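Residue numbers (the numbering used here), protein chains in the order written: chain P, 6 to 119; chain X, 6 to 118.
Be aware that a few hints might be false.
Simulated coverage check for chain X against chain P, where a stretch passes if three residues somewhere in it have a Cβ under 8 Å from a Cβ of chain P [to be verified]:
#, stretch
1, 45 to 51
2, 108 to 115
The calculated lysine-lysine pairs, modelled on DSSO-like cross-linking and capped at a C-alpha distance of 30 Å, are [stated by the list, open to error]:
#, chain 1, residue 1, chain 2, residue 2
3, X, Lys117, P, Lys46
4, X, Lys63, X, Lys74
5, P, Lys19, P, Lys71
6, X, Lys117, X, Lys63
7, P, Lys25, P, Lys69
8, X, Lys73, P, Lys46
9, P, Lys60, P, Lys71
10, X, Lys63, P, Lys46
Think of the hints as simulated: they come from the structure by calculation, not from any bench.
Computed from a predicted model, the values in this text were never measured in an experiment.
Using N, Cα and C, we set each Cβ at its ideal position, and we do this for glycine too.
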Amino acid sequence: GAVVSQHPSRVICKSGTSVKIECRSLDFQATTMFWYRQFPKQSLMLMATSNEGSKATYEQGVEKDKFLINHASLTLSTLTVTSAHPEDSSFYICSAMGQEFGAFFGQGTRLTVV
Amino acid sequence: AQSVTQLGSHVSVSEGALVLLRCNYSSSVPPYLFWYVQYPNQGLQLLLKYTSAATLVKGINGFEAEFKKSETSFHLTKPSAHMSDAAEYFCAVSLYNNNDMRFGAGTRLTVKP
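Given these sequences and hints, build the entire structure.
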């Protein structure tokens with residue numbers, strides 16, 4: 006099946022710094038990728054939809070200047086958490102949509118801001 | 006807007022027993038329905054999906070789910086639980102494509118030896 010690789014799997018950063026998370030579709034081209042946030046013991050909340058070659062579409066309440074999304078190629082989307090704060094600590098998951106409906110998910114990134 | 010409700014945030018079964026995880030959906034048009042499994046600190050893995058073909062959908066790892074329009078349900082079952090089935094399970098609904106996919110709150114499955 007299709008594989009989506011997310012990197013890093015775990016990152017700890019200092020408050021005020023920026024962190025970049027990568028999401029790659031390894032064996033298929035993904036014109037659309039999705040970024041989710043998951044709080045402990047909660048479900049996934051869609052943050053934004055990333056379209057290759059165009060601006061991302063953010064869900065209501067998500068700060069686009071804080072969560073920068075770039076989808077420069079058909080196999081790579083990046084999420085940059087800028088000026089991170091402790092409340093940004095969370096589990097971030099990407100998914101990529103290929104030809105098969107249902108999307109494929111990355112393994113997630115645990116971000117801890119100290 | 007479409008939504009799913011997972012009944013029971015935690016289900017505990019004995020190894021070898023039937024697994025039943027409940028999911029009810031709400032949607033104004035025929036939906037696409039999904040079940041995903043998540044292991045600790047990992048992403049989601051698709052177990053199965055309903056896309057308006059057969060109402061009984063078979064997935065990986067011995068799981069299956071039945072779409073019942075009259076009950077607006079899409080419950081996940083497995084005849085015999087295995088220790089490796091212990092994980093968090095999410096039901097999801099989508100109407101058109103992936104960016105309108107909405108997830109349930111999740112059900113944590115515990116399997117006792």
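Each hint tested on the structure:
| no. | hint | verdict |
| --- | --- | --- |
| 1 | 45 to 51 | holds (count 6) |
| 2 | 108 to 115 | holds (count 4) |
| 3 | Lys117/X - Lys46/P | 21 Å, holds |
| 4 | Lys63/X - Lys74/X | 17 Å, holds |
| 5 | Lys19/P - Lys71/P | 16 Å, holds |
| 6 | Lys117/X - Lys63/X | 24 Å, holds |
| 7 | Lys25/P - Lys69/P | 14 Å, holds |
| 8 | Lys73/X - Lys46/P | 28 Å, holds |
| 9 | Lys60/P - Lys71/P | 15 Å, holds |
| 10 | Lys63/X - Lys46/P | 27 Å, holds |
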